[in-house]
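Visitor: Protein chains in written order, with my numbering: chain F, 1059 to 1301; chain X, 1059 to 1301.
No lab work stands behind these hints: they were computed from the structure.
Just so you know, these numbers come straight off a predicted model, no measurement behind them.
The beta carbon of each residue, even a glycine, is placed where N, CA and C say it ideally should be.
Hints may contain errors.
Non-contacting residues of chain X with respect to chain F, defined by C-beta distances greater than 10 Å in every case (computed) [claimed, not checked]:
(1) Glu1117
(2) Arg1118
(3) Ser1224
(4) Leu1266
Simulated crosslink set (DSS-like; lysine-lysine; CA at most 25 Å straight-line) [what the hints assert, rightly or not]:
(5) X:Lys1296 to F:Lys1228
(6) X:Lys1228 to X:Lys1296
(7) X:Lys1229 to F:Lys1228
(8) X:Lys1296 to X:Lys1229
(9) F:Lys1254 to X:Lys1228
(10) F:Lys1170 to F:Lys1134
(11) F:Lys1284 to F:Lys1296
(12) F:Lys1257 to X:Lys1228
(13) F:Lys1254 to F:Lys1295
(14) F:Lys1170 to X:Lys1229
Chain by chain, the residues:
Protein chains: 2
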Amino acid sequence: MEIDVFPTITSATDEGLNGKVVLVVDTLRATTTIAAALDAGCLEIIPVITPEEAIEMRERLGDERVLLGGERGAVKIPGFDLGNSPLEYTPEIVQGKRIIMTTTNGTRAIRKATPARLVLLAALINAPAVAEAVVGMGGGDITILCAGTRDRFSLEDFLTAGLLVSELEKKGNYILRDGALAAREFYRTVRTDILKVLKQSLHGAQLLELGFGPDLEYSSQVGILKVVPVYNGGLVKKYSAGD
Amino acid sequence: MEIDVFPTITSATDEGLNGKVVLVVDTLRATTTIAAALDAGCLEIIPVITPEEAIEMRERLGDERVLLGGERGAVKIPGFDLGNSPLEYTPEIVQGKRIIMTTTNGTRAIRKATPARLVLLAALINAPAVAEAVVGMGGGDITILCAGTRDRFSLEDFLTAGLLVSELEKKGNYILRDGALAAREFYRTVRTDILKVLKQSLHGAQLLELGFGPDLEYSSQVGILKVVPVYNGGLVKKYSAGD
Ligand SMILES: [Mg+2]
Ligand SMILES: [Mg+2]
């Protein structure tokens, strides 16, 4: 069983996705926010590529439990109910709701992962739980697909990939391909100062400037959630061992 | 002035290449071998994508100084004069020669870099010289394009990217994008054991098995050559400050 890491969506090869267990990472902030939303009792998240798609889908569904969430340029989309801050997705707001979501990088990464056998979503806040679920399922190669930032390498996703590799290694017996080795090494080197890495990253610095410092702090808390989001048939829900 | 790193050919975006100074890295072994060949007195290297293209070009050129070099599956191509081992490219064999070369990853990476303002080729053996040449040229964004191994992240190229970032930073004033930060961090962590990293990498391990251990040793020697290969108009030659 192998683990490899693709640092951006565009770098992912078909061979690296087809039939694999793919862990999609968009730590700032889509996969963090999705984990937080599910943990807060949201029923499901429907990732879509464009804001127009989201608005059309809400009309088509005609379900009053539907909320629209997501960002462009890191800020809430006009007409949407929620932005892309995990701190907005509280039980008071999202419990029992279905959220149609579109973000710049994260939802594209989730869609890119569809040739996989199983797609789970990971961030720093739930990586240990995701690793445990993966090992619990037994065999198979694992591909970690980093969303990156506008098709560029992103530090926070590579860091999370390294944490995932490190957690998987503790629990299972894997051969690490080069991307996994480098990510693990990076994680090990900076593990005592995760928040600093998030602030140092290009996208983290942009979020800080926009006043999203609390999002960085929240996103940096390794393993605070046990929730494992799974993407299947166009929907993200909580994973349970039977899936 | 920015530095960014693309860990694979497929991850490189047009925006990251157009008009930039691009440093192409294929440490195992194309850019190591090209640096060695130029250092040994080879006049020029003509990178081509396929063995067929190489053979046709030799016929078309009708020049007895032409040699064919390169590999498929890491071994010499049938009918070629040379493989892809830097140790084959000695002054006795390559001095005054023109070499048409095709390799699995490196020559593709060089071709991919063509929208750049300037394309230089780097490996561990000549990275400090390449960094010095780049800083000497003055301004402009720098993109480090790793060849990777069959479109996968490769440890040895990421390591070399990190060495380049580290050398550039010593000499110039650059903003590091996330890929450059991660590569530099990786280089710093493993810098005292470069050969071990080469052996640990997927492609390095394959080369070891094929008996190319001495190539790994040669390739691991940081800064032993002062040669700076430049790719321009389809040819790789020695760079001089006027280029
Ligand atoms: Mg992101
Ligand atoms: Mg290579």
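Visitor: Indicate, hint by hint, whether the structure satisfies it.
Guide: Status of each hint after checking the structure:
no.: 1; hint: Glu1117; result: holds, 35 Å
no.: 2; hint: Arg1118; result: holds, 34 Å
no.: 3; hint: Ser1224; result: holds, 14 Å
no.: 4; hint: Leu1266; result: holds, 15 Å
no.: 5; hint: X:Lys1296 to F:Lys1228; result: violated, 48 Å
no.: 6; hint: X:Lys1228 to X:Lys1296; result: holds, 24 Å
no.: 7; hint: X:Lys1229 to F:Lys1228; result: violated, 41 Å
no.: 8; hint: X:Lys1296 to X:Lys1229; result: holds, 21 Å
no.: 9; hint: F:Lys1254 to X:Lys1228; result: holds, 23 Å
no.: 10; hint: F:Lys1170 to F:Lys1134; result: holds, 23 Å
no.: 11; hint: F:Lys1284 to F:Lys1296; result: holds, 10 Å
no.: 12; hint: F:Lys1257 to X:Lys1228; result: holds, 23 Å
no.: 13; hint: F:Lys1254 to F:Lys1295; result: violated, 31 Å
no.: 14; hint: F:Lys1170 to X:Lys1229; result: violated, 40 Å
Hint compliance for this structure: hints 5, 7, 13, 14 are not met, and every other hint is.
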